[in-house]
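In the order they appear, the protein sequences are chains R and A.
Under the numbering used here, the first residue of the first sequence is numbered 120, with each subsequent residue one higher.
Under the numbering used here, the first residue of the second sequence is numbered 77, with each subsequent residue one higher.
Note that these hints are calculated values from the structure, not bench results.
Ideal placement from N, C-alpha and C gives every residue a C-beta, glycine not left out.
A hint or two may mislead.
To spell it out: a stretch of chain A is covered by chain R in this simulated footprint if at least three of its residues, at any positions, have a beta carbon under 8 Å from a beta carbon of chain R; those stretches are [what the hints assert, rightly or not]:
no. : segment
1   : 83-91
2   : 122-129
3   : 140-147
4   : 163-170
5   : 186-194
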Amino acid sequence: MMTVDVAPVVETGRPGMSRAARERLSGWALSAPTLLVLLAFFILPIYFVVRFSLGIDRFARTEAAAELTGELGSFSLDLWRTFLGYGVDLEILGSATIGLPMWLVGVLFVALVLGAVLGGRLQRHGGLVSVVCFSLLLAPFFTIPWGNTLVRVAELSSEGDFVRLFFKSVTMATTSSVFAVLIAFPIAYFLAYGVKKSKYTWLLIVIAPFLTSYLLRIFAWKIILGDQGVINSALFQTGIRDPDNALSFLIYSQFTVILVLLYAWVPFIVLPIFIALEHIDRRLLEASTDLGASRLHGLRKITLPLAAPGIVAAFLFVFIPSIGEYITPSLVGGTGGYMFGQAIAQQFVGGTLNWQTGSVLSVFLLAVVLFLTFSTSRFLRQGGGATA
Amino acid sequence: MSDVLLSRRGRRGLAVFFGAFLVFLYAPTVVLIAFSFNSSSVAALPFEGLTTRWYEAAWQNVEIRNALVATIQVGLGVALLATAISVAVSYALARRRFPGRSLVSALVLVPLVVPTVVLGVSLLVLFRPDQPPIFFLAVPLSLWAVLIGHIVIALPFCVLILMPRIASIDRRLEEAAEDLGASWMLTFRRIVLPLITPALISALLVAFVVSVDEVVIASFLVGEQVTLPVYLYSSLRFAERTMIMVPVATVMITASFVLVIAAELIRRVGDRRVGL
Chain R
120 MMTVDVAPVV
130 ETGRPGMSRA
140 ARERLSGWAL
150 SAPTLLVLLA
160 FFILPIYFVV
170 RFSLGIDRFA
180 RTEAAAELTG
190 ELGSFSLDLW
200 RTFLGYGVDL
210 EILGSATIGL
220 PMWLVGVLFV
230 ALVLGAVLGG
240 RLQRHGGLVS
250 VVCFSLLLAP
260 FFTIPWGNTL
270 VRVAELSSEG
280 DFVRLFFKSV
290 TMATTSSVFA
300 VLIAFPIAYF
310 LAYGVKKSKY
320 TWLLIVIAPF
330 LTSYLLRIFA
340 WKIILGDQGV
350 INSALFQTGI
360 RDPDNALSFL
370 IYSQFTVILV
380 LLYAWVPFIV
390 LPIFIALEHI
400 DRRLLEASTD
410 LGASRLHGLR
420 KITLPLAAPG
430 IVAAFLFVFI
440 PSIGEYITPS
450 LVGGTGGYMF
460 GQAIAQQFVG
470 GTLNWQTGSV
480 LSVFLLAVVL
490 FLTFSTSRFL
500 RQGGGATA
Chain A
77 MSDVLLSRRG
87 RRGLAVFFGA
97 FLVFLYAPTV
107 VLIAFSFNSS
117 SVAALPFEGL
127 TTRWYEAAWQ
137 NVEIRNALVA
147 TIQVGLGVAL
157 LATAISVAVS
167 YALARRRFPG
177 RSLVSALVLV
187 PLVVPTVVLG
197 VSLLVLFRPD
207 QPPIFFLAVP
217 LSLWAVLIGH
227 IVIALPFCVL
237 ILMPRIASID
247 RRLEEAAEDL
257 GASWMLTFRR
267 IVLPLITPAL
277 ISALLVAFVV
287 SVDEVVIASF
297 LVGEQVTLPV
307 YLYSSLRFAE
317 RTMIMVPVAT
327 VMITASFVLV
337 IAAELIRRVG
347 DRRVGL
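Let's have the full structure, built from the sequences with the hints guiding it.
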């Protein structure tokens, strides 16, 4: 940096104060309004939610009312114990079942995430470690959302209702993220390498729907997929199906939620993948072709490894917000597509009304999301820097 | 050159896939627009003829009009307030060294990843009308509460737009002004502000759009008067209200397309002006 230091010559601002001190002060002063807003309306509310989850505060005003809602009256870890105390069953290939305590699942999860993120830094086989950890993370949570006929590699379930619901939400989020990446990659590849004229205009055309109202896009899907919707009424009109026998899995099912989440996020994640592809030095690929490698070989050995950070960022951009989804499952999910985020809302404004339980679920979801964000921030920053 | 990356057959295959993808991407919007002019009273095939009666019905609906006004009021408030405080913090983050700087920059971005349902319920806890935990922060559940929630989620977007732009200004311009005796305020007004005007407009637009589209936090915090997304959200449960919402949705989608493209164009002008 070329900065000419002339501070001692020209005295601006208050005398008797060093330049560094002035800079510090004005840095704090300029950040103060934002910090106050975040402190009062972001940190403080979450602090109170944590208090609720520990039984310190409660929704009910009187003892009698608390008895009715089943809320605790003083500090206790009981709610957390109940929530996390259930065992977890890991079912592999639909047959062998292993019982695991919840804490072990947590430890495994953290270890695998860290392995996937930090594996790349190992001197030898770093990429392999990352890929193995990442696949082990995905395995129990990936499913093909077409009925329940397909055998999954592995499946997690639990006696605890909320824990099971959480696993289900993660499964739905994983599935839609994987499909979103599978669709976005060829699109980004085509835009980066196949389009010759005005590729940025095409990119904007792809991204534009992401920037329009999310709610309205769900609304449109409801009209398309409903029992009386566009697809079904077209099937009735053409006589392929009779009106009493609509394709009912199209709406109010896990399939719908996964489809709509996927639809919502694909345009957005084309961007980080596109940028990662654009940054690849094409001479590498030319060199590999000159040396006799096939295009497929080049894709596998050069393009994919170099684009990997962008692809991981793309996956996380869908996955992280999808775990806590609320609006999509409540509009198109029905009972089949019910998700964890809805359970939280249910505890606060729905029929159940137990703010303490709802707070436990909120803090848990928040912890998972924040852990994922901070442990993968390297990828997110890369992808996010690309999009900003 | 491009043959190292893509064979002719591969390119053609990808082009077909891309075309199909665009259809998938825009089909919902097209469906909404088409049905908003369909005279049938259910959103189903076949088309029964052109009409504008759904637009008239929506326009004459007082609840929708009030919700629209409320949404725009909240959106304007969010745009102005969120942009104002983000200009300050973005300037501090881009130009000032102070202890806690990295903490501030992390904290400002965190609302981006916090699930909106968690943010909604936590503000509901803070604003609970019967026994608020802190009395002087007890904003009644109303459009004011929605405004506050939306400022929190719009902040990171504004900072992400403004901070890189401020950082990209040639520092020597400000130093020259200060060396010539200009006060900090004068330097900011005459040098920084003109250079970031496009980014500022783009931040205002994005904050407005974020607020106008937001439904989860709003649905927890609204009082008597709802915002348009909340009204739409609650209407979706009633089949008989569907058709009247279709034109509203069409207009909103079109409007946000226009705003977004405007924001993008303005940002590009800004890039050129700073010389990127």
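Please name the hints from earlier in the document that this structure breaks, with their numbers sorted from lowest to highest. When the structure is compared with the hints, numbers 2, 3 turn out to be violated.
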